[in-house]
Structures are given as C-alpha cells and as structure tokens.
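Visitor: These are the residues of each chain, in order.
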Amino acid sequence: MKKAATLALGILTSVGGFFDVGNLATAAQAGGVFRLQLLWPLLLGTILVIFLIEMSGRFAAVTRQALPDAIRTHLGFAAWLGPFLILSLVHFLVLGAEIGGICFALHLVTGLPVPFWALPVAALTWLFLWRTSFSAIENSTSLLGLITLAFVVAAWQHRPPTSQILAGMLPTLPHHDPARYWFIAVSLLGAVITPYMLYFYSSGAVEDKWDESYIGVNRGVSVIGMGFGSLISVGAIVVAAVVLAPRGIQADDYHQAALVLTTAFPFWGFVLFAAAMGIACLGAATEVALSMAYTTAQTYGWNWGEDLDPREDARFCLVYTGAILASSLLILFGVDPLKLTLLTMAVNAAVLPFVAIPFLLLMNDRKLLKEHCNGWISNAVTLLVVVLSIVLAVVSIPLLIRGGS
Amino acid sequence: MPREKGLPDDLELARDILDQQVVDREETKMGRVDGLVLELREGRPPRIDHIEMGAVVLARRLSPRLERWVDGWRRRFGVRKVARYKAPWSAVLELTSYHLKLDVAALDTPTFDWERWLRDHVIQHIPRPLKGHGEKEEKQE
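The listed protein sequences correspond, in order, to chains A and B.
Each residue of the first sequence is one higher than the one before, counting from 5 in the numbering used here.
Each residue of the second sequence is one higher than the one before, counting from 5 in the numbering used here.
Certain hints may be false.
Unchecked claim - Pairs of lysine to aspartate or glutamate, EDC-like flavour, derived with a Cα cap of 20 angstroms:
{"id": "1", "chain 1": "A", "residue 1": "Lys371", "chain 2": "B", "residue 2": "Glu98"}
{"id": "2", "chain 1": "A", "residue 1": "Lys213", "chain 2": "B", "residue 2": "Glu30"}
{"id": "3", "chain 1": "A", "residue 1": "Lys371", "chain 2": "B", "residue 2": "Glu46"}
{"id": "4", "chain 1": "A", "residue 1": "Lys374", "chain 2": "B", "residue 2": "Glu16"}
{"id": "5", "chain 1": "B", "residue 1": "Lys105", "chain 2": "B", "residue 2": "Glu31"}
{"id": "6", "chain 1": "A", "residue 1": "Lys374", "chain 2": "A", "residue 2": "Asp215"}
{"id": "7", "chain 1": "B", "residue 1": "Lys90", "chain 2": "B", "residue 2": "Glu56"}
{"id": "8", "chain 1": "A", "residue 1": "Lys371", "chain 2": "A", "residue 2": "Asp212"}
{"id": "9", "chain 1": "A", "residue 1": "Lys374", "chain 2": "A", "residue 2": "Glu216"}
{"id": "10", "chain 1": "A", "residue 1": "Lys371", "chain 2": "B", "residue 2": "Asp20"}
{"id": "11", "chain 1": "A", "residue 1": "Lys7", "chain 2": "A", "residue 2": "Asp212"}
{"id": "12", "chain 1": "B", "residue 1": "Lys105", "chain 2": "A", "residue 2": "Glu316"}
{"id": "13", "chain 1": "A", "residue 1": "Lys213", "chain 2": "B", "residue 2": "Glu31"}
{"id": "14", "chain 1": "B", "residue 1": "Lys105", "chain 2": "B", "residue 2": "Asp53"}
{"id": "15", "chain 1": "B", "residue 1": "Lys90", "chain 2": "B", "residue 2": "Asp53"}
{"id": "16", "chain 1": "A", "residue 1": "Lys374", "chain 2": "B", "residue 2": "Asp20"}
{"id": "17", "chain 1": "A", "residue 1": "Lys213", "chain 2": "A", "residue 2": "Asp311"}
Claimed, not checked - In silico negatives: residues of chain B with every beta carbon more than 12 angstroms from chain A:
{"id": "18", "residue": "Leu42"}
{"id": "19", "residue": "Pro68"}
{"id": "20", "residue": "Lys85"}
{"id": "21", "residue": "Val108"}
{"id": "22", "residue": "Arg120"}
Don't read these hints as lab results, they were simulated from the structure.
Ideal Cβ positions, reconstructed from N, Cα and C, are used throughout, including at glycine.
Using the sequences and the accompanying hints, generate a full structural model.
Guide: Written as structure tokens, this is what we have:
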C-alpha cells in the first residue's frame with residue numbers, strides 16, 4: 005500500500021517539478037513562434053530526465069543518501085563547493101521565476117499589479133512549508149496539479165494534425181529566426197532537465213525511507229511521472245501552436261500566453277489558465293525552496309527533514325525562509341516574470357555539467373551501489389547528458405544574448 | 005569499534021571518513037567530518053587522533069587566508085564560542101557508508117550552538133506548526 009502511495013511522489017515531482025513556470029513559458033513561445041517544430045527538445049529532454057530521475061531515486065534507495073549528501077561525502081568539500089554555490093544561485097533565480105508565476109496568475113484574476121502580490125505569495129509559500137509535513141505537500145499539490153491537464157484536454161479538442169506532431173518529434177533546422185529557434189530549444193531542455201528536481205526527488209526518497217525494495221517502484225515512478233509531466237508540456241505547445249501562431253502572437257508576454265485556453269474553453273479559459281499556472285508554480289516553488297534547504301543542510305551535515313518540528317531543524321527552516329523572502333524581492337522590485345523565467349531556463353541548461361558529472365561518477369561507484377550500479381544504457385544516457393550539457397553550456401550564453409531579446 | 009557488515013577493510017581516510025555525515029547517539033545529524041587529525045607515532049603506523057568540525061576547519065581546507073577571515077567573522081558576529089569542535093576517535097561508536105556515530109548528545113556540543121540560538125531567538129516566537137509530534141508517535145508504534 006505504501007508503495008502504491010509513493011507513486012504520488014512521482015506525480016508531484018512531475019506536476020510541480022516537471023510542469024512549472026519554465027515549461028509553460030518555453031512551451032508557449034515554442035508553439036507561438038515555431039508551431040509544432042520544437043516538440044523534439046521536449047521529447048529528448050523527457051527521455052534524458054526519466055533516466056536521471058530513475059538514477060537519483062535508485063541511488064537514494066540503495067545508499068539511503070540523497071545526492072548532495074553523497075557528493076559532499078565522496079567527492080569532498082572542495083570539489084562540491086563551487087557547484088553548490090552556482091546551483092544555489094540558480095535555485096534562487098528559479099524560485100523567483102516560480103513566485104513570479106504565482107503572482108502573475110493572481111494578477112490575471114484580480115487585475116492588481118504583479119509586484120503587489122510578491123510578499124503575500126512569499127508568505128503563503130512559506131506558511132505552506134512551515135505548517136505541513138512532506139506527505140501533505142506531496143498529496144495536496146499533486147491532486148490540485150491535475151488541473152494542468154486542461155492543456156491536454158484543450159489540445160485534444162483542437163484535433164492537431166498527427167502527422168505534424170510526429171514530424172515535430174524529429175529535429176529539423178529552422179526556416180526563420182535561427183538564433184531564436186536554438187534559444188527556445190535550449191530553454192525547453194533547460195526547463196525539462198532542472199537540477200532542483202533531482203535533488204528534491206532523491207531527498208524525498210530519503211524522507212520517505214526508501215530501501216532497495218523500492219527500486220521497481222522508482223522505475224515506474226520515473227517513467228509514469230515524467231511521462232505525465234511531458235504530456236502536459238506537449239499539450240501546452242500544441243495549444244500555443246494552434247491558438248497563438250495563426251494569429252501571429254509570439255507569447256512575448258504572459259498576457260498573450262494566457263490566451264491559449266480561451267479557444268477551447270471560451271468562458272473558463274482565462275480562469276483555468278490562471279489556476280493551472282498558479283498551482284503548478286506553487287507546487288514548484290515549494291519544491292525549489294525545499295530543494296535549496298535540503299542541499300544546504302546536507303552540504304553542511306545539519307539536521308534536516310520536512311517532517312521534523314522546526315525546533316529540531318532550525319537551520320534547515322532558516323534556509324527555505326530566507327530563500328523565499330530573497331527570491332520574492334526580485335518580483336517585488338519589478339523584474340519581469342517571463343524574462344526572468346526564460347533567462348533562468350537558459351542558465352539551467354548552462355549549469356547542467358555541474359549536475360551531470362558528479363552524477364556519472366557516483367552512479368558507477370561499485371563500493372556504494374554494489375550490484376545496482378549503472379548499466380551501459382544508463383551510462384550511455386548520462387554520458388550523453390554530460391556531452392550535451394557541455395555543448396548547451398557553451399552555446400546557451402551567446403544564445404541568451406542574441407536570441408533571448 | 006563495530007563496523008557495518010560489507011564495509012571493505014581498505015577504509016580510505018579521505019574518501020570514507022573525511023566529509024562523512026556525523027550523527028550523535030540518537031542519530032541526530034550534527035555536522036560533517038570537516039577535518040581529520042592524525043597522530044604520528046615513532047616506529048608505529050600513524051593513527052587518527054580526533055575529528056574536527058566547524059566552518060573554520062572547512063575554510064582552512066580552501067586557504068589559510070579564508071580561515072582567518074571566517075574566524076574573524078565568527079568572533080565578531082558568531083554565536084559559536086569555540087571555532088573547532090574536536091571529537092576524539094575513541095568517541096566513535098559506529099562507522100557506516102552513510103554516517104559516523106559519536107557517543108555524544110548533539111545538543112550539548114558547540115556544533116549545535118547556532119541551532120540552539122535560532123531556536124531560542126527566532127523559532128520560539130513563531131506559532132508552532134502541527135507537524136513533528138504526530139510523526140514521532142507514529143515511529144514509536
């Protein structure tokens with residue numbers, strides 16, 4: 005029974021983690037500008053992230069250690085400090101983008117300016133983490149997150165041409181705006197393979213006390229959970245391609261992206277979009293904030309756990325509190341949530357080597373994983389992630405300058 | 005000292021002990037093995053004398069200048085009274101692939117100075133959440 009319940013962890017990670025502000029923004033742009041041509045980065049990213057999530061869960065189940073914990077222990081403090089600081093900075097930006105997403109959803113519904121909502125949203129996110137246990141966060145956001153299926157339903161109602169969807173799954177060269185095309189492709193990948201998801205997932209597996217008997221469950225969770233998240237992103241690209249592209253709307257602004265559901269659901273479309281965006285971003289914001297706290301606490305060996313009374317892990321609570329407050333200041337001081345999101349997704353892609361390389365080393369450590377070490381397929385995929393991530397890191401910065409504007 | 009089954013005999017200091025998670029008797033996480041101090045003995049192999057924990061120890065591993073800087077900050081703003089917490093190797097109860105257990109109570113050591121300070125000065129003043137207690141009772145069942 006408990007094992008069936010752990011499927012919820014996968015669904016939470018996919019709804020809150022897979023489908024978040026980054027996927028929404030990149031999917032809307034991909035569909036709005038290049039219609040169905042950019043489905044392939046999503047497909048590629050999904051395959052890669054299924055493998056990475058499976059590995060991080062397997063690692064936690066076999067060693068009882070979350071990733072940041074194991075990296076500090078086995079690769080050493082000096083090797084981990086640089087990546088840790090860089091990833092913390094990226095987490096801070098991602099958290100800002102997620103909080104911006106919730107604020108924008110509230111702005112759509114109320115008409116009040118986005119910065120107005122920054123502090124109330126920060127307080128709400130914090131209260132959610134402060135009051136509830138890990139399983140409560142898991143269950144509530146995964147149930148509410150089902151609302152994002154609205155994108156899949158809307159895509160289905162538009163009856164997109166199957167042949168074009170299949171064609172979009174294969175990489176092709178752009179017919180126009182090459183810099184923008186590659187920038188969106190990199191951002192799509194960055195939005196799918198987010199570092200915080202791996203750290204959150206493996207720490208969650210430790211919180212849920214997984215052991216080797218969970219290896220099978222973990223495999224199911226990664227495939228079903230990530231597949232589910234990916235389906236929602238495909239839905240978002242399809243509706244953007246069908247609704248925005250023919251009208252020449254490029255989704256340069258979240259207001260434009262908000263139109264995607266209005267053709268399928270004329271009356272409720274706007275509200276549905278706001279609700280889906282708000283909930284997906286709230287789920288993701290709690291995950292990113294927790295992920296930051298997990299990573300920091302594990303790096304320094306502090307007591308950690310979302311199920312503990314905050315009196316027992318005061319430093320852990322301080323990290324997520326500080327992170328939420330600091331990230332919300334970005335929105336309070338008027339940083340545009342969409343620009344922040346697109347920038348962050350490209351940066352996500354750029355820091356992937358820091359995530360993938362320690363991963364490859366640990367997953368092949370026979371002393372730690374014994375017979376559960378990576379097989380050649382998993383190693384080939386991780387190696388592909390390493391190579392791809394280095395290429396992405398090199399190209400994403402110039403693309404950010406040329407294609408991002 | 006009891007060792008976990010399956011742990012190989014060729015224990016590597018830097019790989020298996022340095023940076024390892026340290027827990028107390030109750031398995032409360034109290035920090036990491038930030039430094040290892042060996043005793044050199046004439047005519048006999050060196051042995052581990054004690055482990056060191058603290059931000060200053062970590063800073064020294066990066067550079068002596070950083071160590072002085074971190075220690076200066078600690079003196080001025082820190083709540084930790086001693087920079088280094090030293091635990092003798094004889095206090096080690098257990099060493100597994102995922103933790104090193106010390107025969108101490110974390111709360112009584114300087115490693116918990118910040119934790120205690122935050123609890124007494126900050127957490128105390130915020131309404132307590134519902135979680136924490138129920139979970140413990142569940143564990144005892």
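Visitor: Which of the numbered hints above does this structure break?
Guide: Hint check: 3, 8 and 22 fail, others pass.
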